[in-house]
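J.: Please build the complex by placing chain B on the supplied structure of chain A, with the hints as guidance.
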Amino acid sequence: MATQAHSLSYAGCNFLRQRLVLSTLSGRPVKIRKIRARDDNPGLRDFEASFIRLLDKITNGSRIEINQTGTTLYYQPGLLSGGSVEHDCSVHRSIGYYLEGLLCLAPFMKHPLRIVLRGVTNDQVDPSVDVLKAAAFPVLKQFGVDGESLELKIVRRGMPPGGGGEVFFSCPVRKVLKPVQLTDPGKVKRIRGMAYSVRVSPQMANRIVDSARSILNKFIPDIYIYTDHMKGVNSGKSPGFGLSLVAETTNGTFLSAELASNPQGQGTAVLPEDLGRSCAKLLLEEIYRGGCVDSTNQSLALLLMTLGQQDVSKVLLGPLSPYTIEFLRHLKSFFQIMFKIETKPCGEELKGGDKVLMTCVGVGFSNLSKTLK
Amino acid sequence: METKDQKKHRKKNSGPKAQKKKKRHLQDLQLGDEEEDAQKRNPRAFSVQSAVRMARSFHRTQDLKTKKHHIPVVDRTPLEPPPIVVVVMGPPKVGKSTLIQCLIRNFTRQKLTEIRGPVTIVSGKKRRLTIIECGCDINMMIDLAKVADLVLMLIDASFGFEMETFEFLNICQVHGFPKIMGVLTHLDSFKYNKQLKKTKKRLKHRFWTEVYPGAKLFYLSGMVHGEYQNQEIHNLGRFITVMKFRPLTWQTSHPYILADRMEDLTNPEDIRTNIKCDRRVSFYGYLRGAHLKNKSQIHMPGVGDFALSDVSFLPDPCALPEQQKKRCLNEKEKLVYAPLSGVGGVLYDKDAVYVDLGGSHGFQESGEARPTHELVQSLISTHSTIDAKMASSRVTLFSDSKALGSEDIDNQGLWMPKEEKHVDLKTGRVRRKAIFGDEEDESGDSDDEEMSEGDKLKNSSSDEETEEERDAEVSDKVYVTGRGVKRQRLEEVEEDAEVDLPAFADSDDDLEKSSEGGGEAEEADESSEEEESSVEGERHALEAKAVEGGGKAGLLQSNGVSGSLNVEKTMKQATVTISDSGHCTAEEAFASEDESEESSSLSSEEEDSENEEVVRKKFRKPFAAVSGQKLGSENLIDETSDVEDLLKEEEDYTEENNFSIGTSGALKWKEDLSRKAAEAFLRQQQATPNLQKLVYGIVTEDNEEDGDTQEELGGLFRVSQPARERKHKADSLDCSRFHVETPHDWDLDEVMNSIRDCFVTGKWEEDKDAAKILAEDDELYGDFEDLETGDMHKGKPGPVTQIEDVEEEIKEEIDPEESAKKKHLDKKRKLKEIFDAEYDEGESTYFDDLKGEMQKQAQLNRAEFEDQEDEARVQYEGFRPGMYVRIEIENVPCEFVLNFDPHYPIILGGLGSSEGNVGYVQVRLKKHRWYKKILKSRDPVIFSVGWRRFQTIPLYYIEDHNGRQRLLKYTPQHMHCGATFWGPITPQGTGFLAVQSVSGIMPDFRIAATGVILDLDKSIKIVKKLKLTGYPYKIFKNTSFIKGMFNSALEVAKFEGAVIRTVSGIRGQIKKALRTPEGAFRASFEDKLLMSDIVFMRTWYPVSIPAFYNPVTSLLKPVGEKDTWSGMRTTGQLQLTHGIRLKPNKDSLYKPIVRQKKHFNSLHIPKALQKALPFRNKPKTQAKASKVPKDRLRPAVIREPQERKVCPRLLDALSSVHRHKVRKAKEQRHLHNREHFRLKQKEEEEKLKRQKDLRKKLFRIQGQRERRNQKSSLKGPEEQLK
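Going line by line, the protein sequences match chains A and B.
For what it's worth, the numbering used here labels the leading residue of the first sequence as 54, then goes sequentially.
For what it's worth, the numbering used here labels the leading residue of the second sequence as 1298, then goes sequentially.
So that you can see chain A by itself, here it is in the shape it has in the complex (with noise of 0.2 Å):
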C-alpha cells in the first residue's frame, strides 16, 4: 500500500518550469498533457527536453514518460541529489532558462551543486544571467542560502543564434530556510551595469554606457556601468551586445533591467545607444513598479517563503507578473498554500506604483535529501 501521492495533471506547455520544479519539491508527480497538441509542429521542444534532461541529471529516482508524439508527459520525481554536473542547454533559450529553474532547486540538495551550463547566456527573451547573478542571488541570501560557494561564473559569453557561453553556478545545500519579511524596499542607493559586447567592435559598449548615464544621472549619481568585451574563444559563436542595468537600494533590494541586441540575421540592427536609453528607461519602469523584489524573481521569492518553516513570511512585491500569478496557483495546489494578498497604493509620495504585500505561512519544508551525519 505503498501510496503514491496523487499526480496533478494539466494541459498545455505554457510554466512547464514551474510544474516540474514545484513537483520536485513537493515530491508530487505530474502530468501533462495537449502539449502543442493543435501546433503544425506538436510536442515538446528542443529546449523543453533539455530542462527535463537537466532535472533528470540533478535527480535520482525521477520517472520520466513523454508519448510518442511528446504532447504527453508524466514527471515522477525523485529525491533532489545535485553534485557536479555538466549540462549543454538548447541554443533557442538562453541559460536564464534553466538556470531559473536551478536557482528553486539547487538549495535542496543532497550534495551541493556545482554545474556547468553551455549556451547562450544573453537573450532578448529570458533574463540574463549577469541578471540573475545580480538580483537572484540577493533574494537567496535573504533566505539564509549564501556563503561563498552560492556563485555564477561567466566564463564564457555566447550570444544567440550561436550561443557557445558557459557559466559555472555552484550553490550551498541547506536543511531549512528561513522566513523573511521585506516590507521596506529603502531607497534606491546606486546603479551598477554591465554593458558586454562580443564579436563587435569594443567600442559598442562605450556607446551603451554613455547613453544610458545620460538617462539616470538625472535620478542619481552614482552609477556605475561596466563594460565587458569578452574576446577570442570567450565570445562565443555570435556576434551582439547588450546591457543589463541593477539598482541597490538602502535595505538591500535589487531591481534590474536588461536589454540585448537583436540575434545576427534576425530583425533591424539595433543602435547601441538607443538600446542603452531604453534600457534605462526599462530600470525606471522597474523602479517604479518597485517593490523588495524585482519583478523576475518574484515567483522565486514566494517560492521560498512557501517553503520556509511554519512561520509568517511577509514581502513586498511590484505588481504581479502574470508569470507570479499563476506560479501562485501553483504554489495552491501543489503546496496547498495561499497568500495574504494586500495592495498598498501609493500615497501621496512619489514612490512609484502601487505594490502588493504577499503573507504567507511556510509549509514547514526541510530538505529530504540532506544526509544526516
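If you're looking for bench data, these hints aren't it; they were derived computationally from the structure.
Nothing here was measured: the structure is a model prediction, and the numbers come from that model.
Wrong hints could be hidden among the right ones.
[Stated by the list, open to error] Listed next, the in silico PhoX-like pairs over lysine-lysine satisfying Cα-Cα at most 25 Å (straight line):
#, chain 1, residue 1, chain 2, residue 2
1, B, Lys1365, A, Lys426
2, B, Lys2322, B, Lys2233
3, B, Lys2153, A, Lys367
4, A, Lys271, B, Lys1990
5, B, Lys1364, A, Lys426
6, B, Lys2324, B, Lys2266
7, B, Lys2315, A, Lys426
8, B, Lys2148, A, Lys231
9, A, Lys110, B, Lys2369
10, A, Lys367, B, Lys1990
11, A, Lys426, B, Lys2153
12, B, Lys2153, A, Lys231
13, B, Lys2148, A, Lys194
14, B, Lys2321, A, Lys426
15, B, Lys2322, B, Lys2351
16, A, Lys242, B, Lys2266
17, A, Lys110, B, Lys2318
18, A, Lys367, B, Lys2148
19, B, Lys2318, B, Lys2223
20, B, Lys2153, A, Lys228
21, A, Lys397, B, Lys2153
22, A, Lys84, B, Lys2440
23, B, Lys2322, B, Lys2153
[Claimed, not checked] Simulated DEER-style distance windows between Cβ atoms:
#, chain 1, residue 1, chain 2, residue 2, range
24, A, Val138, B, Glu2256, 23 to 31 Å
25, B, Thr1538, A, Glu118, 52 to 60 Å
26, B, His2200, A, Asp199, 50 to 58 Å
27, B, Arg2126, A, Asp237, 14 to 22 Å
28, B, Asn1564, A, Pro95, 42 to 50 Å
Where is the CB? At the ideal position from N, CA and C, for every residue including glycine.
T.: Below, chain B alone, put in the same frame as chain A:
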C-alpha cells in the same frame, strides 16, 4: 523509654550549616569573613598565578553554562491549545480504568461507568485533558506514545515492574519523550510498613534510572469503595493540571488528530449492494501539532494513507470557560466530552446537530449538571402531544411478555444502527429520524438494515409532526440518537421520562445557546460554503414560489435562525433569545409573524433588485435592496459585483443574513447595526482591489483539466473570462519576465517626479529623515544628560530644558493629553533603550539574539492573522491546532468500519509534502540491549517510523573507514550499525524502533532495535564482499600463471591491474590474460609463490533490497483480534512450520579441535662444526645412564622356529603342574592350620577352667573368713581375741 531511645544531638562540624554558623560566630566576634580577610591580607596569593589555568577554568565554566542551553525554537503553541493527551498506561489489572474514572469524577463530578476511547474534560481555567487508556497491545502502545503529552504509568507495586512498562518507556524514548509520571497502585496489599517503604524506594529508584532522576512517582495508597482515595486523586489532578510541557519535534512539525468520534457517511445503498465497498468516513477531534491543510495527506496508523477529502472546523464541544476572573470553575464549565463512550450531550456536525441522550443514566447526570432543567422540563412536558405520548406508550399484553410500543407495530422490530442518517440531496437538509439503537435489549431483534422505504418515511414524518407541534426551532437539524426510547414495562414514571426526553434535549440545547450566547462558537456551524449555497438555492426557490406557509415554515425559519446566529456572532448581541428561545408559544407566534413578514419583504425586494440579479445570480436580494435604500445604488452594485470572491463569500452571507433579519425582525436598531456593518465591509472592499480573486478566484488545477470536469464544476464555479484567456495561451511562451505593456514617457517631468522619492536623493519619510532624527535625538539626549548629572529637578530645570518644557506645556495645551503622554512614553522608552544598551552589552550573546529573534517571529505568527475571520484564516494558514475539526476521508476499507473498536485509538497523522512517497531509507540502528536475539539481514521486521508502523526487509551494513557500506549478515551485538530498507520517506533525524512481531504476547522484551533516520535516497550502495580464487599452475621467480579465477580472457581484461593476494599474504597484481587455458592470466607478486598457495582477489558486489513495504493494518482486524496482525514470515519461521531442515555444508560444521603433538627431528650438528665448538657446547657423546643397570638388562630372547612350536605346550604343561602343586600345598596348609587352631582352643578352655576353680576356692576361703569375723564381732572382744 522514649528519652532513652532518642539519639543525642550531634553538632554539625562540616557542611553548609556548620559554615554558616561559623561565619555568624566570627561575625559576632567582629572578625569578619575569613576568606575575604585573607584576600585582603595577602592579595598576591589570590592573584592570577597561571594565565593558562585561568583560561581553562574560564572555558570550563563557559562550557557548563552553554551545556544548559537548548536550541531556541519558535514557540508555535496556539493561544487556545488543544486538550492535553494523557495516556494512562499499565499492564492489565493494575487499575487503569479505575484511575481514569476517578480522575473524571474528580474534575467533572460525573461518573462514567464505561469508558471507550478518549475522554475530554475541562480540568481548569486554561487546561483541558483528553484521557485515553492504553492496554498492552504493542500496536496501541506505539500509536499512543506518538500522540501522548503526558503518560501516567501505572505500576502494580505488589508485583513490581512489568515488561510492558519498560517497553512503553522505550517506545516513548524513541518517538520523542513525553512527560512521564509514575503511579504506584496496589499499595494496600503490603502488610508491613517497612516492606512497603522499601518497595516504594526500590521502585522509585528504578523508575528514575529509566526516566530521569527525580521523576515524579505518585502513590495511590488504597481503595475506598472500589475507588482511589479522593485526596490522592485530587492531588494527582492538580499535578496534571499545572504540568508544563516541552515541545516534541515530531509532534510540533506535524498536524495530528486523536479522533474522538467516527461516523460512516457511505451511501447506505452502496453498502446494501456491496457490503465490502470502500467507505466514506468522517472523523472528529481536536487538531494538534501543526497547521493542517485541506486536501493534504494523512496516515492513519493501523489503516493506511489517505488524502483528506474535506476538512471543516466545528464549534468546540468541550470549550474552555470564558472569563478568567474567577478562581475556580463553575459546575457548568466542568465539561466532559466522550462521544465514543456516549457522553457529550450535543454533537455538532457540518449540517446537523445530534443530541445524544445517553440513556436514562445520562439523563440523570445532566440533571445533576444543570440545575435549570426542571423548569424546562415542566415547560416541555406540557407540550408533549398526545401523538408523542401514544407513540411511546407501551402495552403489556401478558404479564411476562415484553412491552409493545407503537414503533413495534410500525416496523416490526426494525432497529437501526445509531449512526445512520439520511441526507436529502436536493435541499441539503438532513431528515430527522428517531433512531432506535438499543444494545441493552437482548430480545434478539434482527438488526435489519434493509428498512422498507415506507417505514422510513412514516418514521420521519411522524417524527416531524411531533417536532413541529412542539415547535422546537433548531429542530430540523436535531437528531435524536441514543437510547431515548426504551422498551420497558409499562410504568408511569419511566414512560413519562421517556416521552419527554427528546423534547427536553432539544430545548436544553436552545437554552444553552441563549445563555452562553456571546462567544461560544456553537453558531459557527453554518460555515461551509456548499451548505450555504444549497440553502441559498432553496431560498430562491422559495421566493419564486412566493412562499407558502405550513409545512415549509420550519425550513424558512431555520434560515432565519442561522441568520440571527450570524448576527450574534458578528455583533456580539444576545439577539438569539428572540428568535430561538425555548418558550414555545411565544416562539410560535413570533415565527408566524416572522414568516409572513419575511416573505413579503422578500417578494418586494425581488422586484427592486431585478437588474442586479441579472448581473449576479447568486447574490441575495435583501442586501441589494437595503443598499439601494441607503447608499448610492449604482456604484455600490458595481462594487458588490466585484466583491464576489471566494473568500469573502462567507462575509457576504453573514451580511445578507443580517439584513434578512433586520428587515424581517422589524427591529429598528438592528437595521442600523447591519447597515453599519455593511458600510464597514464595503470600506474594506474598496481598500483591497481584488487581486486575491484574480489569483485564486479560479481553481487552477480543475480548470485546466479536461472539459468534462469543467462541466462538472460548472454548477459551482463561474467560468470567468481570464480562465478562457488562459486556455488560449496554454501553449504560449514560458517566460518569467514581466514586460512593460504601456511604458511611461520618462522624458516628462511629472513622470520622472513620480519616482523621485525612490532614490536616496529624494525626500525621506518623517521618521527616517536624517536631519529630523538628529534633532529628535538631541532633544532626548539633552534630557538624558540632565538626568545623569542628577541636576534636573522638576522644579528647577536647566535653561534649555526649561524652554523645552515650556514648549511642551504649550503643546500640551494645544494637543490633547494623549500626545503628551505618548511623547513621554517615547522618551521613556528611548531612555530605557540607552540604558539597556549601556548595561546589557556584555550580556547579549548569540544565544540571546537567537532567542529574541525567535520570540519576535512567534509574536508575528500570532499577530498576523489574529484579526481575520476563522473561515478566511484557515485558508491562509490552514486549520490551526486547538480547533475541533471534522475530517472526511474517502476510500476507507470497509473492515475499518465493520471491525471498529472504540478502545483502540484512531490517529490521523498529517504528512509533509513528500512524506507520502517511498524510497530507500538509511538509518543508524542498534539492537536493543534487552532483546535476546540478534537480527538477520533480509528478515522482515516491523518498523515504527513517524506515524507509521510497517513491515519491511532491512539490510544491515557497516561503514568501512573509506565510506564503503559493507553488508552484514547479522546486527552486531553491542554496537550501532547501519540499515537500509524500502519504506516511506520520513525526515532525517526521526527516531524509530523495530519489533519482530506485533502479534500475541511474547515473554521477552519485544523491542528489537532502535535508531535514527540518517538519509533518504532512491538508490543504495551497499556492497557485499566477493572473493575470487585461483591457483598457480606455473611459477617463475616472482611471476606466476594463475588459472581458475576467471572464465574468459575478456573477464581478465576487465580486471587487469587489480590487486590479488595469496592466503599467506603475498601481494600481487593481475598483468595479462594468457591464451590457454581459458581465463588464466599472468600475475606478478612481491615474492615467489608456492604451488600450494591459493590466490584470491577481493571484489565488492552491490546488493539489492526488495522493495517490500507493508503497512501494519491492525485496525482492520476483527474486534478482539486486533493484536494478532502478522505479516510476512521470516525464512526461519517458514522452515520451522514446513519442517524443512537445511543441509549444512560439511566444511562449515564445527569439529573438535585436536592438537597433534609436534615431533621435532633431532638436532644434527655437522662434524666439522662439532670440532670447532668449545667443549661446553659440544654434544656430549656418552649415552645417558639408563634406569636399569646394563648388567641386569635382559637380553631379548629370540626363539628358533622349533622352539616356538614346542615351547608353548611345554610351558602350559609345566604351569598346570605347578599350579596343581601350589593348590595342594595350600590345602595342606589349611588343614594344618585348622588342627592347630583346635588344639589351641582346647588349651584355652582348660586354662579357663583351672582359673575358675582356683577362684572358687579363693572366694570360699574368703567367705569363711568373713563369716568368722562377723561372729566374733557379735560375741565381743574376748571372743575376738580368742
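J.: For each hint, tell me whether it holds in the structure or not.
T.: Outcome of the hint check:
1. A threshold of 25 Å between alpha carbons decides the hint, and for Lys1365/B with Lys426/A the separation of about 23 Å falls inside it, so the pair holds.
2. Taken as a hint, the Lys2322/B and Lys2233/B pair is honoured in the structure, with Cα atoms around 17 Å apart against an allowance of 25 Å.
3. Our distance criterion of 25 Å between C-alpha atoms is met by Lys2153/B and Lys367/A, whose separation comes to about 14 Å.
4. With a C-alpha separation of about 39 Å, the suggested pairing of Lys271/A with Lys1990/B is violated against the 25 Å cut-off.
5. For the hint linking Lys1364/B to Lys426/A, the alpha-carbon distance of about 21 Å falls within 25 Å, and the restraint holds.
6. Between Lys2324/B and Lys2266/B, the direct Cα distance comes to roughly 16 Å. Compliance with the 25 Å bound is thereby established for this hinted pair.
7. Proximity of Lys2315/B to Lys426/A is assessed by CA-CA distance (about 18 Å); at most 25 Å being required, the pair is judged to hold.
8. Restraint check: the Cα-Cα separation between Lys2148/B and Lys231/A comes to about 14 Å, which is no more than 25 Å; the hinted pair holds.
9. Using a Cα cut-off of 25 Å, the hinted pair Lys110/A and Lys2369/B is violated, with the two alpha carbons roughly 37 Å apart.
10. Under the criterion of a C-alpha separation no larger than 25 Å, the hint pairing Lys367/A with Lys1990/B is consistent with the structure, at around 19 Å.
11. Restraint check for Lys426/A and Lys2153/B: not satisfied, since their Cα atoms lie roughly 31 Å apart, outside the 25 Å limit.
12. Proposed proximity of Lys2153/B and Lys231/A is supported: the alpha carbons are some 13 Å apart, at most 25 Å.
13. Note on Lys2148/B and Lys194/A: the hinted pairing holds, with a Cα-Cα distance of about 21 Å set against a maximum of 25 Å.
14. Annotation: proposed proximity of Lys2321/B to Lys426/A holds, straight-line Cα distance about 23 Å (limit 25 Å).
15. For the given pair, Lys2322/B sits about 18 Å from Lys2351/B by alpha-carbon distance, which is consistent with the 25 Å threshold.
16. At most 25 Å may separate the alpha-carbon atoms for a hinted pair to count; Lys242/A and Lys2266/B exceed this at roughly 66 Å.
17. A distance of roughly 18 Å separates the Cα atoms of Lys110/A and Lys2318/B; the hinted pair therefore holds under the 25 Å criterion.
18. Straight-line distance between C-alpha atoms of Lys367/A and Lys2148/B comes to about 20 Å, which keeps the hinted pair within the 25 Å bound.
19. The straight-line distance between the Cα atoms of Lys2318/B and Lys2223/B is roughly 20 Å, inside the 25 Å bound, and the hint therefore holds.
20. Between Lys2153/B and Lys228/A the CA atoms are separated by roughly 22 Å; this keeps the pair inside 25 Å, and the hint holds.
21. Between Lys397/A and Lys2153/B the alpha-carbon distance is near 24 Å, which keeps this suggested pair within the 25 Å criterion.
22. Note on Lys84/A and Lys2440/B: the hinted pairing is violated, with a Cα-Cα distance of about 53 Å set against a maximum of 25 Å.
23. Restraint check for Lys2322/B and Lys2153/B: not satisfied, since their Cα atoms lie roughly 55 Å apart, outside the 25 Å limit.
24. Between Val138/A and Glu2256/B the beta carbon distance is about 26 Å. The supplied range of 23 to 31 Å therefore holds.
25. A C-beta distance of roughly 58 Å is found between Thr1538/B and Glu118/A, which places it inside the suggested range of 52 to 60 Å.
26. Judged by the Cβ atoms, the range 50 to 58 Å given for His2200/B and Asp199/A holds: they are separated by roughly 53 Å.
27. In this structure, Arg2126/B and Asp237/A meet the distance hint of 14 to 22 Å, their C-beta atoms being roughly 21 Å apart.
28. Between Asn1564/B and Pro95/A the beta carbons are some 43 Å apart, a value that agrees with the proposed interval 42 to 50 Å.
Of the hints listed earlier, those the structure fails to meet are numbers 4, 9, 11, 16, 22, 23, in rising order.
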